[in-house]
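Use the sequences and the hints to build the structure in full.
Number of protein chains: 4
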Amino acid sequence: MVLTGADVAAHSTRESLWMIIHGKVYDLTEFCSSHPGGERVLLKYAGKDATEEYDPIHPPGTIEEALTPDKHLGDVDLSTLAAEQKPAEQPAAKAPSGDAPLTLGACLNLDDIERAAEKLLKPKAWAYYRSAADDEKTHDWNRASFYSVRLRPRVMRDVTHVDLTTTLLGCKSSLPIFVSPAAMGRLAHPDGEKCLARVAATQEIPYMVSANASVGFEELAALAQPGQTLFYQLYVNRDRQKSEDILKRVAKAGYKAICVTVDAPVAGKRERDERAKLDEDAATDPNMQKAVKSAGPDAPDAPQDEPSQGIAQALGSYVDATLSWTDLAWVRRASGGLPLIVKGIQTAEDAALAAHHGANAIILSNHGGRQCEGAPSSLETLLEIRKFEPRVLDKVEVWCDGGFRRGTDVLKALALGARAIGIGRPFMYSLAFGDAGVSKVATILRDELAQNTRLLGATKLSEVVPAMVNARELEDNLYDGPYESPVKTILARL
Amino acid sequence: MVLTGADVAAHSTRESLWMIIHGKVYDLTEFCSSHPGGERVLLKYAGKDATEEYDPIHPPGTIEEALTPDKHLGDVDLSTLAAEQKPAEQPAAKAPSGDAPLTLGACLNLDDIERAAEKLLKPKAWAYYRSAADDEKTHDWNRASFYSVRLRPRVMRDVTHVDLTTTLLGCKSSLPIFVSPAAMGRLAHPDGEKCLARVAATQEIPYMVSANASVGFEELAALAQPGQTLFYQLYVNRDRQKSEDILKRVAKAGYKAICVTVDAPVAGKRERDERAKLDEDAATDPNMQKAVKSAGPDAPDAPQDEPSQGIAQALGSYVDATLSWTDLAWVRRASGGLPLIVKGIQTAEDAALAAHHGANAIILSNHGGRQCEGAPSSLETLLEIRKFEPRVLDKVEVWCDGGFRRGTDVLKALALGARAIGIGRPFMYSLAFGDAGVSKVATILRDELAQNTRLLGATKLSEVVPAMVNARELEDNLYDGPYESPVKTILARL
Amino acid sequence: MVLTGADVAAHSTRESLWMIIHGKVYDLTEFCSSHPGGERVLLKYAGKDATEEYDPIHPPGTIEEALTPDKHLGDVDLSTLAAEQKPAEQPAAKAPSGDAPLTLGACLNLDDIERAAEKLLKPKAWAYYRSAADDEKTHDWNRASFYSVRLRPRVMRDVTHVDLTTTLLGCKSSLPIFVSPAAMGRLAHPDGEKCLARVAATQEIPYMVSANASVGFEELAALAQPGQTLFYQLYVNRDRQKSEDILKRVAKAGYKAICVTVDAPVAGKRERDERAKLDEDAATDPNMQKAVKSAGPDAPDAPQDEPSQGIAQALGSYVDATLSWTDLAWVRRASGGLPLIVKGIQTAEDAALAAHHGANAIILSNHGGRQCEGAPSSLETLLEIRKFEPRVLDKVEVWCDGGFRRGTDVLKALALGARAIGIGRPFMYSLAFGDAGVSKVATILRDELAQNTRLLGATKLSEVVPAMVNARELEDNLYDGPYESPVKTILARL
Amino acid sequence: MVLTGADVAAHSTRESLWMIIHGKVYDLTEFCSSHPGGERVLLKYAGKDATEEYDPIHPPGTIEEALTPDKHLGDVDLSTLAAEQKPAEQPAAKAPSGDAPLTLGACLNLDDIERAAEKLLKPKAWAYYRSAADDEKTHDWNRASFYSVRLRPRVMRDVTHVDLTTTLLGCKSSLPIFVSPAAMGRLAHPDGEKCLARVAATQEIPYMVSANASVGFEELAALAQPGQTLFYQLYVNRDRQKSEDILKRVAKAGYKAICVTVDAPVAGKRERDERAKLDEDAATDPNMQKAVKSAGPDAPDAPQDEPSQGIAQALGSYVDATLSWTDLAWVRRASGGLPLIVKGIQTAEDAALAAHHGANAIILSNHGGRQCEGAPSSLETLLEIRKFEPRVLDKVEVWCDGGFRRGTDVLKALALGARAIGIGRPFMYSLAFGDAGVSKVATILRDELAQNTRLLGATKLSEVVPAMVNARELEDNLYDGPYESPVKTILARL
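Chains as they are written, first to last, in the working numbering: chain A, -11 to 482; chain B, -11 to 482; chain C, -11 to 482; chain D, -11 to 482.
Since the hints were made in silico from the structure, they are not lab data. Yeah, the Cβ is synthetic: ideal placement off N, Cα and C, and Gly gets one too. Treat each hint with caution, since some may be false.
[As the list claims (entries may be wrong)] The calculated lysine to any residue pairs, modelled on SDA-like cross-linking and capped at a C-alpha distance of 20 Å, are: (1) B/Lys375 - A/Gly469; (2) A/Lys125 - B/Ser136; (3) C/Lys230 - C/Ser22; (4) A/Lys125 - B/Asp128; (5) C/Lys125 - D/Asp128; (6) C/Lys160 - C/Gln216; (7) A/Lys59 - A/Val29; (8) B/Lys448 - A/Ser312; (9) B/Lys125 - C/Asp99; (10) C/Lys375 - D/Asp464; (11) C/Lys375 - B/Asp468; (12) C/Lys476 - D/Arg145; (13) B/Lys36 - B/Glu18; (14) D/Lys448 - C/Ser312; (15) D/Lys448 - C/Val254; (16) A/Lys59 - A/His23; (17) C/Lys240 - C/Gly49; (18) B/Lys125 - C/Asp128; (19) C/Lys125 - D/Glu461; (20) C/Lys375 - D/Arg460; (21) C/Lys244 - C/Gln191; (22) C/Lys230 - D/Thr148; (23) C/Lys125 - D/Arg460; (24) A/Lys476 - B/Ala455; (25) B/Lys230 - C/Thr148.
[To be verified] Quick look at which bits of chain B chain A covers, simulated, 3 or more residues with Cβ under 8 Å: (26) 94 to 100; (27) 136 to 143; (28) 146 to 156; (29) 393 to 406; (30) 430 to 444; (31) 458 to 468.
Shown next as structure tokens:
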């Protein structure tokens, strides 16, 4: 059936809610109340074409999975749609600093990429990538913790040739670096995660695809070059069957390992993200604009609106908060026996438990400061493991992420026992420049790593040893309370 | 007797000082010298209607208690009062930052509420609530001390359901939070403390009514819902009989416990409050305006004015500075045996003494940084108790206040042994939005607490344990001098 | 002989240099090269009336002491002096912050007094009082060190009455505070140090008169009230006979003790002071103005001018750098046996040596940060003495100065064993307001001390004990190298 | 052969690339690909007169050494060269602060010199001297580490006369200071390093000539005064024969010691320097200007340009990265037995190794923060040596550099065992004022050293002892991991 714009426009209320996506008309009346992103946004586009809004934040197939086929009412005759009256383009949420680099050539380091992205990305995209929990102290601390560590460069060693290659779970990598899973690449670039996949291939580094990627994981796998390493990041779904289905498809698509994210049973409070949503609502909703204007002492008791959700909360709504250690075996089974990575370890206790429960690698991570405000940086957790559970470093591969921006940041973690480092936001920011941007991030890190490995007096990663790092300042602030080894406790119970 | 405005205006000097309050004419000539707020402000309104000035800073009944009935000379014929020539509206003491949220809907956290209040409240109200002692370093430190503590989030635990309920002295609360006693709510909103009482009922959290509330404690009790918990904060009066009378009325009104404030034998030096008063005086007093204009090198030796008192000093003038531990028994007796809370404990020694002298709960508090500049934050005092007097935590309930703004702040204190947290300024700031504002503060805290309890891997408050906190940085700066247990000393003397 | 302005003007070169001071004509041709303030300033006023420049920075009698009587050539006929063409008034060296208080009534604390002084004083006066050595880090640290110390307020003690009186070397004082010696009071106020002397009398606190006071010490003594305590600060002169003469006069004038300043064998490098001098030179010297204008890349090698001296260097030029411990006995003898105070102790070693060599009191001081950049604050030295030489506290009175601005600063030092605190700059700044300003400084400190003594739970100074202070942060940074007791070494040699 | 400008202009491509330097025409077609500074800059000046660009950044003889004689095609007829169309003068990269001193007379300290240089130097020169690695944290920390150290001034000692003389490897110096090797003096002044050599002579301090000086080392030696001390800083060339040739010439020219720089096997990442190059390229290259203008969201994938090299990378391209300890003997032999200094020691291990392998002096240095970001300051390395390898201080002379700006900075290092301090950037900055500037730097340091040596209670450098320094804050953050003495390991192997 072919419908007209006017047909659809007649169904713009909660009682009957139709919407156009990619030229198709859907009836969302029933679905409305269970929309992970809340009802309000659906009502905003009720009776209209929501393709432009829908596209960059939903992976392909989302609507098809969410609705039964009968909710697809037919196609719309595009010629019958009135050109939408858009509100004037919103200014960027924050004026970028005057000297932000404007070209990729002017970007000398990963901070330059970030500043450029702040200028080039849409406010909503910038807010989503950049946001962190609460007051963003943990985000800032992730970065600052590197500055409190000193290097101990050794001299008079032949450093003509330097070899940065390593393996992650047996997969070769040209660098001790992988692309961290981050969602919603198409907010920044039409090709979204495809850029990440293509460049990870040419740069020969593993790419861990986000469960919330805005390009389907099978589409990304189809782009893979021979020998390219893809990992899949899983958020376990409340509906376990859905997760099992995905895991089978992931294994079939050639992914080399499954990463279970354990630090996000609920989404963190990312106010920057929420504010971007509020700003957008205010710009498009005449009622809210009015409310803003009339507010003040004379109208203090105005009825409180349903709070706007940021992207993070909308995305995380299906995550299973019941996940526990014994589920690891289920994940492995469902994936057909792929190696397991556990992401989000923040204490020595949980590092030991992960190793005990069969994880092949763990990622020390506080989710880029996006989850629990106050969590330790991955460097701190690494030092805590060295203090309380040093044998974990022999039993599993220990990877880190969070705030790594410089080659020396990476080297500090490697020296203390990490095997690989995940880079998240910088790659997302670099999507503002497409493939060239992603490639630049990898190249900058490669150059800085090579240069500083040499300056440390090392020629391969195995020569980057603990004695090359003075982390005294962090060590003196490690947890020092009573420590009870959880694995000992488990073993004692047996 | 009915008097005219002209009759009253004829008595505008220290020799004969009449004033109109709520349409009644009072003779304040004798009272003038004992006015807790000083003579000057009375002289300023001598012969005039002072209702507008009087109202928000005096609890009902103040004037009736202070004067004998013969000082009520009669009523004024309101039609005979000339419309007052008001000075132009004073600008806010400080321009708020450009991006202060203007609506409650735009307030995502308690800091937003504070910034909104700075913009919406009258300068005098803002100054009174916000002010702290001396250079406000203790105020700032209260907040900063949370940032020096890290959390240790545990993962892979089923956190689907989280239960934040607890009890305070046996009274149920939906949150480990109570409304701290703070004075002068009507500076911010015509309903003043009534908003706090109403919302505490709907949010099911205890409300501790300030001795200096601008709504009478009996009026507030009359608003209470069945099962609602009200505590009463007492400043012991130099005239002990007055305190006994109040305590009897408090018990009769249904208050569940008495809180004795022990950190304010004299008021702290709150310069922000004093400056707001000076500004107000300057704006209304032609002589002071002139003085300001002519000041400078040519007039350095101008006679020094009697210093302006801030609200805090005026309010605190009746407090009994002789209070000592043995008085606790008297308070309990006078209240008919209500549980006792001691507020303002700042050392391990005094925590032990309070427990020894029969307190049921203690509040670790430096009065929001409003009393002794340099006092420890409540987190520091809590750690000091764990170090020197750990048994106190078993003997009394330990509550904390001062600088708590985030769910994680609350969780840090709870993990270290606190049972409940008092929130003061944020609730006062939220009065700028009336009931909706107060409710928003509670809701924000509830959401943040639920979210972060889960992120810590806990599902109820008893699972928030010391090992979830790394307070090493504070611990390493605790008092380390010789420690003499005061209770041991007392027991040794017996 | 009576000379005309034209007569004098004819002698304006280094070959023949006459000058008018207070209506008298002096021949400075020979003296010029030994002028402590350098030749340049003399050449600037050669042939002119320099009274206005001379007056506030030279104590009475300076010129008479420096020149033999024959250099007084006669008096000038004042009617023959042309009215001087003054350059336009120089703007203040630095724009004061917009909200600097403008009246004494608006000054609530000692920082307000400082900010007012910055606005009200002449740039040269402000620069001289405020300047400190090098990058002024020690000056700033003096103040900051107080913030790193926490108080431990005790509660539930009867603090109705508080007694702040004490004695300094047996002399009664209403406060544990004395006026520190500081020079050049007449830069700020025509009455200069007379204001300090008068107010010290009414406030009943000791006043230690600076050796470089701009009012003669005998003139100040003549103003003293019965029972008033004056101390005299001595800089030992290279010409010891001059010092002996002064000490005799000091003793005769009724001074109660002699303070030997030991931290200034040479003056510190006070660049703020030097810059003020440079600015003044530039404003009055056409050649320098031109140089400033033409400077830049085209004139990089311009001949370097003789550097301008600040006031500090000019004042200190007579100080004897050979002073050593054995000279204390000489000072005492020359003063007829007055008690001795040694000012400028910065290590535990020197505290012990001072006590060993018979000092009655020592002042822990880094000269307000004006001498050796990097020296410890007096709190640190006090803690160092407690660590290495605790018996010194029993043998001599230990006084402190440097950066004390708040009642709590004073109480922190007293709790750790200091007996009295010197206040320097704040009193000098307060001279901008004359007697009323000086009085205000004392009153603010008195009020803050009374208030905070009560808030600490004490009612007299002897109850302010070490356990009321947590100085852990400073203690953990004390010198920890090998410590050799110098007194033991001396005794071992005997 | 005499060529015309038109002849040369016809060879402006990579296929045939001619260039005019000092009136001579060279064929650079073959050389182009091996130019240490990259091809791009050559192409920019292809077919043109590049003298002005070439001159200040190449030492004399560079082109003659790089090309075989046949590449010199002949001289150009200067009259045939068209006057070049220069782009408008570029503004300074950064607006200097408003109060930067403009004349040498207004410079009171080394920071003033730096601020003046920022204003007076060309942006490229400023960027080259000032730049440091990565985020310049190490550069900043070099300076900040001094502030964390306190002095312990001793009093009551005769400090009338102070003697600052010392010897460096037996060579007399009037100060414990030498001119550190720094390259490219002619960027700042036409006479470049000649200024340094001349003033080092008059100030009687050693001058260590940079391997990359823009004035030839033999020309500098020819300027030397009798008894003047010159050291030569060597970067070992990949072509060892070239280094041997240089060392012979150095020894013949009268240099007193050879300094082998060991912390720069590759150049650090100096982004300030690289940015200055980018700015310059952008100002002169129409294509780049266009790229800058058109950049933005619409052109995100613009092809990435070959990155611009800063001066540092260009200069360092010949350095031999295979250098190892056993090469020290070769250097000594090649120099005819001159004493050896090893510059760039950053750990106790390498200090011990340098001493073991026969170095006569070591320089604790992180290359002014220009190499490995995160390296320790020289004060920290000095303390580390005191902790782990104290005997090194007896075996070799220990010199320091990096961030020294004040007399007290120097004294702190001397007290802890350093014998001499290298001053680098301040002397380079001072070249903006020519000889007078260089002289002023030395004079300021001399005055500050004399003054503070006295204030410490010392009269000669041997009296500046460890107990005069409290470095507790740095000591408590020293490396504390397992320490393995490398010399013991070597000896155990024998």
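Margin query: Checking one constraint from the list: CA of C/Lys230 to CA of C/Ser22, max 20 Å. Satisfied?
Written below: Within the cut-off at roughly 17 Å; holds.
Notebook entry, point to check: Holds or violated: the segment 430 to 444 of chain B covered by chain A, criterion of 3 or more residues with Cβ-Cβ distance under 8 Å?
Noted result: holds (count 7)
Checklist line | Agreement of C/Lys125 and D/Glu461 with the hint, judged by alpha carbon distance not exceeding 20 Å | finding: holds, 16 Å
Checklist line | Pair hint outcome, C/Lys476 versus D/Arg145 [Cα-Cα no greater than 20 Å] | finding: holds, 18 Å
Notebook entry, point to check: Hey, C/Lys375 versus D/Asp464, does the alpha-carbon distance stay inside 20 Å?
Noted result: holds, 18 Å
Margin query: Given the hinted pair A/Lys476 and B/Ala455, is their Cα-Cα distance within 20 Å?
Written below: At roughly 17 Å apart (the allowed maximum being 20 Å), B/Ala455 and A/Lys476 satisfy the hint.
Check: Taking a Cβ-Cβ distance under 8 Å as contact, does the segment 146 to 156 of chain B have three or more residues in contact with chain A?
Finding: Per the Cβ count (3), the hint holds.
Notebook entry, point to check: Regarding the pair B/Lys36 and B/Glu18, is the alpha-carbon distance no greater than 20 Å?
Noted result: Distance ~17 Å between B/Lys36 and B/Glu18 Cα, so the pair holds.
Next item on the list: Mind checking the alpha carbons of C/Lys160 and C/Gln216 for me, to see if they're no more than 20 Å apart?
Entry: holds, 9 Å
Notebook entry, point to check: C/Lys375 and D/Arg460: Cα distance at most 20 Å?
Noted result: holds, 15 Å
Check: How about the segment 94 to 100 of chain B: do at least three of its residues have a C-beta closer than 8 Å to a C-beta of chain A?
Finding: With 4 residues closer than 8 Å to chain A, the segment 94 to 100 of chain B meets the three-residue bar; holds.
Checklist line | C/Lys244 paired with C/Gln191 [C-alpha distance capped at 20 Å] | finding: holds, 18 Å
Hint violations for this structure: none, all hints satisfied.
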